[in-house]
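Residue numbers (our numbering), protein chains in the order written: chain A, 3 to 117; chain B, 11 to 120.
I should point out that these hints are in silico values taken from the structure, not numbers from a laboratory.
We put the CB at the ideal spot given by N, CA and C, even for glycine.
Incorrect hints may appear among the rest.
Here are the computed distance ranges between Cβ atoms for each label pair [as the list claims (entries may be wrong)]:
(1) B:Pro120 to A:Asp65: 45 to 53 Å
(2) B:Leu84 to A:Ser29: 31 to 39 Å
(3) B:Gly50 to A:Gly30: 27 to 35 Å
(4) B:Val60 to A:Gly30: 18 to 26 Å
Far from chain A, by Cβ distances over 12 Å, these chain B residues were calculated [claimed, not checked]:
(5) Glu24
(6) Gln29
(7) Asp62
(8) Lys86
(9) Lys91
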Amino acid sequence: EAGVAQSPRYKIIEKRQSVAFWCNPISGHATLYWYQQILGQGPKLLIQFQNNGVVDDSQLPKDRFSAERLKGVDSTLKIQPAKLEDSAVYLCASSYEGQGGSPLHFGNGTRLTVT
Amino acid sequence: GQNIDQPTEMTATEGAIVQINCTYQTSGFNGLFWYQQHAGEAPTFLSYNVLDGLEEKGRFSSFLSRSKGYSYLLLKELQMKDSASYLCALVPDSWGKFQFGAGTQVVVTP
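Isolated chain A (complex conformation):
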């Protein structure tokens, strides 16, 4: 099966600019996650979707980050305006059930550098 697709692979922007990341999950996976992984740390959940509804966005900095999954398939994550501390790898993941028994399948991530 095709894996989780993410683009772009790398992005360099200046602070205060905006950026968007795209993710297409594995076909048939209802649950989609966006994680932020800062170098040397584990992935931190930003937002979780079940189909096109938000399950958890408690750790999403909503003053600058937004995400949508309008048709319950692919998703975009946007940062506007970016800050230096947003430099990280943004990982998209999907799972079949989202009920805790299905493993996450990760995309290759987008490495964001904010200068």
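Given the structure of chain A, go ahead and fit chain B onto it with the hints provided.
Relative to chain A, chain B alone:
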């Protein structure tokens, strides 16, 4: 959060065995997962425990003790390609919200 604790780094020689411990502070959770992450790559699923006990998958095994609040990942017959970060993750509820530890960097030496 679940205060997931893992050692930062472990070093072992090729062919040896290494045990990576993961401790947590949470009263209930749906499952505990282990992921492998090579530098610059995405995490990949290794193992999953729901019930107490040992789950074996080839050279990798994972153990869970809910009463003692810990899990470990056992890597046997280490190979150079096993050099990676190993992430422990809890799923605290039925909504599949994975919470990850900081990861343990395993360095395999010749």
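**Asked** Does the structure break any of the earlier hints, and which numbers would those be?
**Response** Every hint satisfied by this model.
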